[in-house]
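Those protein sequence lines, which keep their order, are chains P and F. If you're matching positions, the first sequence starts at 633 in this note's numbering and goes up one per residue. If you're matching positions, the second sequence starts at 3 in this note's numbering and goes up one per residue.
Keep in mind that the hints were calculated from the coordinates and are not lab data. Each residue gets a CB set at the ideal place from its N, CA and C atoms; glycine is no exception. A hint or two may mislead.
[To be verified] From the structure, some residues in chain F lie toward chain P, with a derived Cβ separation under 8 angstroms: (1) S107; (2) L108; (3) R109; (4) A129; (5) S130; (6) H134; (7) Q135; (8) G150; (9) M151; (10) R198; (11) R202; (12) P208; (13) P209; (14) T210; (15) P213; (16) F225.
Here's the letter readout for the chains.
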Amino acid sequence: MPALLVTGADLAGAGAQDLLVEDGVITEVGRITSARGADVLDGEGLVALPGLVDLHTHLREPGREDAETIASGSAAAAVGGFTAVLAMANTTPVTDTAEAAERVLDLGRAAGLVDVQPVGAVTKGLAGEELAELGLMRRSRAAVSVFSDDGHCVHDARVMRRALEYVRAFGGVVSQHAQDPRLAGRQACAHEGELSGRLGLPGWPAVAEESIVARDVMLARHTNSRVHIAHVSTAGTVEVVRWAKAQGIAVTAEVTPHHLALTTDLIAGYDPTFKVNPPLRPREDVDALRAALADGTIDAVATDHAPHARHDKEHAFVDAAFGMLGLETALSVVSDVMVRGGLLDWAGVARVMSEAPARIAGLRGHGRPLAVGSPGNLTLVDASAQVTVNAADSLSLSRNNPWHGRPLTGAVHATVLRGRVTAQKGALA
Amino acid sequence: MTTATTAVAPTPEAATRPRRRRHLLSSADLSLPEIREILDTAAEMHEVQRRDVKKLPTLRGRTVVNLFFEDSTRTRSSFEIAGKWLSADVINVSGKGSSTSKGESLRDTVLTVAAMGVDALVIRHGASGAAHQVSQWVDAHVVNAGDGMHEHPTQALLDAYTMERRLGSLEGRHVAIVGDLTHSRVVRSNLITLGRLGARVTLVAPPTLMPAGIGAWSQSDGFALSHDLDEVLPGVDVVMMLRVQRERMSGGFFPTPREYTVGYGLTRDRLRTLVAANPEAVICHPGPMNRGLEIAADAADAAQSLILEQVSAGVAVRMSVLYHLLAGSDERPGHDHEGGES
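Kindly generate the complete structure, drawing on both the sequences and the hints.
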């Protein structure tokens, strides 16, 4: 593979530099005058970030290849600026064995666009009862270190306690989908408040998330283990996480682009495109999430990319599938909301979209500073690009795109995985 | 037949006026003048009901499908009779229980029915918003005959119609709606329609049966809330008792049926209080009733009770709604203005 010379990109806000990647590793940073034989990527006017890492995607393979495959999801990820994604375990069959995890890893490698790192289930079949083979998944070629029953909450306190204790042996982390099923059951589909009351939709109260997060940070303290809170959606959860971090509890947290930007009023027309779990929340929560991401209380942005076949969304609102696409739009949303909004600089974006998620997931080849010796994973961003999202342009197999028609400032220009350009200007390279 | 037709013939003005409303999805769709027009036409339809020959030719050649995903003998029959008395071809279709992810999507089910050439779809569905969604998928007129816990606009119209017939204008009248507000589509539609007609509404229920965010909602929409029926009852003009579903009783919403009745039932004692404070006061219930639970038999059968009149008004109001949506519609010119034939 020829070397790659990226010229004149602003390295995460630290000033314009050239950057040379050889054999997948950054070998030179500065003013590079000779790089014979290297492919050149003109980075003038662009911002270079370490390749983005997504802690939370649903790639639907195996089981629902009509909605997404590991290959199509990888393509969407590459176009969205990602060099690594974690693939959630709620497939059919569930990723709850070493073999299942290795299969996801291998399919990701075969697609070859991003590093696809499987997340292992916490409990067998996501049933919330017996621990899955956490240690065998860890010892597998996939080296699983993040475990989650995402889509379901590990609601039994004793099961959660045992999972936290068990993964401590090998430095694993449990990513919790915080939803007390007694307070927010299967039908719960709208933020519980005035609007859900008016619309007659079953409410999903903030406390159903907050009470589980409060319990789990105490369990993390008790077990001296690490817990990660998936898709934080409420101001109350932010308060609990902030308090727990102040106590020195090993808790990390992620927020989705949609919870940073979209509000619950979008469901007023009963369009299931805006049905997601946890639900879109009011403006006050959105503001609290933005502030928490800016001040580090929330560590990372994670997409919760959740593709669905059209017919699974064409039910009555309460019956339609939960979830929305996110991989291709995440960087633009964060750019628009956080950077243009003055809450984060580009170094901050590198932190929340690459460094922190790589650290949480234990991905050593990702999230490293753009310096000599780091892997050649980078994302070039055109910070001033004005984009209007068009759902039809997506490389995902699904079209449940809540961003359709929205103007956003900032777009991924190119994605580089270990020195190879995987995507450029919205298309695979 | 021709003489019957003249009773409901659109005025020349109405006949030439372009159709203003395509669907009836929410009570909020109807402005006060539209509500008035529907209720006035309903009164004319109601007169027709008293005749030996009830059938009007107004919707001859039109097809109305009652697409019911949820059992409802009362509402379905009411729409069926309404359509038939307007000479529409009325077909009842029971939708299969909807299911998530598996089986046919709601859109496919509805498109299949609509593809048969339907002028109006009357939809009852257990999920809130279903009629609203369906209206975006089909060309037919859609009438919401109850969507989950959301709305039931024809029920609110018939309630208003019934109350007005007994009380005259509802402007400034005080209506108490009592019972399971959380799960009631009747209350959501009634709040809107009664509000537009100028009535003062107080909702009464234990906190566990009040919808989320009702505090802010009541403030912005200007209705009152109470947990104390005995405080509210004296002086109201209308007390509307809502059905308490049997399945809620084990849901932990209240301790026992007995306790519910003591707190929120229209008992014999409360009937006395109601009538003593206001001899003109009336009692409504959208049915079906749980006699002995939310309403005592004495109250249900009292002279003050409008419950059977509600049912009778239901047909007239639904005739009026179908008439307003379908007659004079310009998409099928050959069928226009049949009511004016005479």
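Consistency of the hints with the structure:
1. For S107 of chain F, the shortest C-beta to C-beta distance to chain P is roughly 4 angstroms, which falls under 8 angstroms, so the interface hint holds.
2. For L108 of chain F, the suggested interface contact is upheld, since its CB lies about 5 angstroms from the closest CB of chain P, less than 8 angstroms.
3. Annotation: interface hint on R109 of chain F holds; nearest CB of chain P at approximately 4 angstroms, less than 8 angstroms.
4. This hint holds: A129 of chain F has a C-beta 3 angstroms from the nearest C-beta of chain P, less than the 8 angstroms allowed.
5. A distance limit of 8 angstroms between C-beta atoms decides the matter here; for S130 of chain F the minimum to chain P is near 4 angstroms, and the interface restraint holds.
6. Checking H134 of chain F against chain P by beta carbon gives a least distance of about 5 angstroms; that is within 8 angstroms, so the hint holds.
7. At its closest, the beta carbon of Q135 of chain F sits 6 angstroms from a beta carbon of chain P; the interface hint therefore holds under the 8 angstroms criterion.
8. Hint status for G150 of chain F relative to chain P: holds, with the closest Cβ pair at about 5 angstroms, below 8 angstroms.
9. Because the smallest distance between the Cβ of M151 of chain F and any Cβ of chain P comes to about 3 angstroms, under 8 angstroms, the interface hint for this residue holds.
10. With its C-beta approaching chain P no nearer than about 16 angstroms, R198 of chain F sits outside the 8 angstroms limit, and its interface hint is violated.
11. Violation of the interface hint for R202 of chain F is found here, the shortest Cβ-Cβ separation to chain P being roughly 20 angstroms, above the 8 angstroms cut-off.
12. Checking P208 of chain F against chain P: minimum C-beta separation of about 16 angstroms lies over 8 angstroms; hint violated.
13. Interface restraint check for P209 of chain F: the shortest CB-CB distance to chain P comes to about 13 angstroms, outside 8 angstroms, so the restraint is violated.
14. For T210 of chain F, the shortest C-beta to C-beta distance to chain P is roughly 13 angstroms, which exceeds 8 angstroms, and the interface hint is violated.
15. At its closest, the beta carbon of P213 of chain F sits 3 angstroms from a beta carbon of chain P; the interface hint therefore holds under the 8 angstroms criterion.
16. Interface restraint check for F225 of chain F: the shortest CB-CB distance to chain P comes to about 13 angstroms, outside 8 angstroms, so the restraint is violated.
This entry does not satisfy hints 10, 11, 12, 13, 14, 16, going by the numbered hints stated previously.
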